[in-house]
Amino acid sequence: MLEFVTTRHNPMIDPALHVWGWEVPVYLFLGGWVAGSMVLSGWFIRQGRRPGQGSVGFALPWLGLVLLSLGMGALFLDLEHKLYVWRMYLTFQPASPMSWGGWILILVYPFLALAALASVPGDLLARWPSLARLAERVRDPAALRRLGSASVVVGVALGIYTGILLSSLGARPLWASAALGPLFLVSGLSTGAAFAHLIARQPDEQATLLKADNVFLTVELALIGLMLVGLLTASAVHIHAAGLLLGGPYTAVFWVFVVGLGILLPLVLQTLMASHRIPHTVVAPLLVIGGGLALRFVIVYAGQYSHWISP
Amino acid sequence: MARLGMVIDTRQCVGCMDCVVACKTENDVPDGFCRDWINQRLQGRMPDLRLTITSERCNHCDNPPCVTCCPTGASHVHDYGKVVLVDHGKCIGCKACLASCPYGARFIHPEGFADKCTFCIHRVEQGELPACVAVCPTHAMHFGDLDDPNSEVSRLVVSRRHFALKPDAGTQPRIYYLE
Numbered sequence: 014m015l016e017f018v019t020t021r022h023n024p025m026i027d028p029a030l031h032v033w034g035w036e037v038p039v040y041l042f043l044g045g046w047v048a049g050s051m052v053l054s055g056w057f058i059r060q061g062r063r064p065g066q067g068s069v070g071f072a073l074p075w076l077g078l079v080l081l082s083l084g085m086g087a088l089f090l091d092l093e094h095k096l097y098v099w100r101m102y103l104t105f106q107p108a109s110p111m112s113w114g115g116w117i118l119i120l121v122y123p124f125l126a127l128a129a130l131a132s133v134p135g136d137l138l139a140r141w142p143s144l145a146r147l148a149e150r151v152r153d154p155a156a157l158r159r160l161g162s163a164s165v166v167v168g169v170a171l172g173i174y175t176g177i178l179l180s181s182l183g184a185r186p187l188w189a190s191a192a193l194g195p196l197f198l199v200s201g202l203s204t205g206a207a208f209a210h211l212i213a214r215q216p217d218e219q220a221t222l223l224k225a226d227n228v229f230l231t232v233e234l235a236l237i238g239l240m241l242v243g244l245l246t247a248s249a250v251h252i253h254a255a256g257l258l259l260g261g262p263y264t265a266v267f268w269v270f271v272v273g274l275g276i277l278l279p280l281v282l283q284t285l286m287a288s289h290r291i292p293h294t295v296v297a298p299l300l301v302i303g304g305g306l307a308l309r310f311v312i313v314y315a316g317q318y319s320h321w322i323s324p
Numbered sequence: 016m017a018r019l020g021m022v023i024d025t026r027q028c029v030g031c032m033d034c035v036v037a038c039k040t041e042n043d044v045p046d047g048f049c050r051d052w053i054n055q056r057l058q059g060r061m062p063d064l065r066l067t068i069t070s071e072r073c074n075h076c077d078n079p080p081c082v083t084c085c086p087t088g089a090s091h092v093h094d095y096g097k098v099v100l101v102d103h104g105k106c107i108g109c110k111a112c113l114a115s116c117p118y119g120a121r122f123i124h125p126e127g128f129a130d131k132c133t134f135c136i137h138r139v140e141q142g143e144l145p146a147c148v149a150v151c152p153t154h155a156m157h158f159g160d161l162d163d164p165n166s167e168v169s170r171l172v173v174s175r176r177h178f179a180l181k182p183d184a185g186t187q188p189r190i191y192y193l194e
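Chains as they are written, first to last, in the numbering used here: chain A, 14 to 324; chain B, 16 to 194.
Hints listed in this document are in silico derivations from the structure and should not be mistaken for laboratory results.
Okay, derived cross-link-like pairs now, DSS-like style, lysine-lysine, Cα gap no bigger than 27 Å in a straight line:
| hint | chain 1 | residue 1 | chain 2 | residue 2 |
| --- | --- | --- | --- | --- |
| 1 | A | 95 | B | 39 |
| 2 | B | 39 | B | 181 |
| 3 | A | 95 | B | 105 |
The calculated label-pair distances, taken between Cβ atoms and stated as ranges, are:
| hint | chain 1 | residue 1 | chain 2 | residue 2 | range |
| --- | --- | --- | --- | --- | --- |
| 4 | A | 262 | B | 140 | 41 to 47 Å |
| 5 | A | 31 | B | 187 | 23 to 29 Å |
| 6 | B | 56 | A | 234 | 39 to 45 Å |
Computed footprint of chain B on chain A; a stretch qualifies when at least three of its residues, placed anywhere within it, have a C-beta under 8 Å from a C-beta of chain B:
| hint | stretch |
| --- | --- |
| 7 | 25-33 |
| 8 | 83-95 |
| 9 | 107-116 |
| 10 | 179-190 |
Values in this document were obtained by computation on a predicted structure and should not be read as measured data. Positions of the beta carbon are idealized from the N, C-alpha and C atoms, including for glycine.
Pulled out of the complex, with its shape left as it was, chain A reads as follows:
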């Protein structure tokens, strides 16, 4: 028998840690989406797509600017000492993934803005000569290729950091997995590809995005498996944490909304779509996007609930 009595009653800590509400999962989801969009946009631009050809590669940066701003807004809402947020940008703490993330977010904006600027027709910029000159320089094929490469690199950094941010917090055993960074990156790529597929107008881009998303979903499934195997073969606290998703309170929402509806069903639908056995449908991409959001909610909430079980 073990009877445990505590006099501690701190809000957000007791009876179980719950310091992050909806804001952080939403931010992680939007950040991942932007990361995926940047990588795909950069890849299309590197492939030689040019502004004015209707390529989705030049529409995604606009979306990225909006989503990233919304994500940073959610992050700001989560802060408890909001007026001190500028403190984040007076220092760089190399050991803190959150510090890295803060600076990566700042780095992302100019690349998104440059790619977006490249897609603005020259006559619309006539009133702003300096912007028009900058857009002209960005539209140079060599500059576009460099911008595409940089977008891929910065997008990967943004996507992977959102997972490392959690996995670096060792006090939460569920997050103590090296697979979490790649998992969030691939989930972001999958979300980005699903939405890009929704808005793409060129058939070859649609086909490429569909196939790419199927690869991302398959890798995501493998990474989830690796994460669970890693936890189940580690110490008692990690096995206990994995139990939250394998019979514990987060099992149903994880397997139904993340794995079932968010990965497996769209994977089946998109495989049928890719082989032309069913027509293209918005259902599969929407399920992927919903699954990406559900993944962030489950991981953030269940991770906070996981704890060291020794006295």
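Position chain B relative to chain A; hints supplied.
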């Protein structure tokens, strides 16, 4: 440089909560929050039961994850005694430190910054004991330099069986409990 730590004798602690009240008074801890608390663990089978009472707080770890994860440097290791402190003016309230602490020792102060035990650094720098140690009616709590082999805390750790909280979390806590 000193490495301040605490040794608490679980055989002498009666769970009176004087330490909790002293901390709240000394540090003006807001209502509904606590920087230190009492845990009671009753283990065994009737009639062979064992009650362990522990007065707990921030462990001022040698490997503090709250300092590592802080994006602004607000959580830091103070020069004096290597005590882990929070600079309220630098804290943005991101709560990463709360999530990184396996002891649940931190909370968000109603004014928005992360707060926790300071080992009463304002008293210690004046040569006084932390408030919780000073008021303990059974003298169960001891405080001093763990790097000084002749200090009371070092001698107690060497001479008595002891344990630390969640040692497998890898944080190297600096509060020891005598069995």
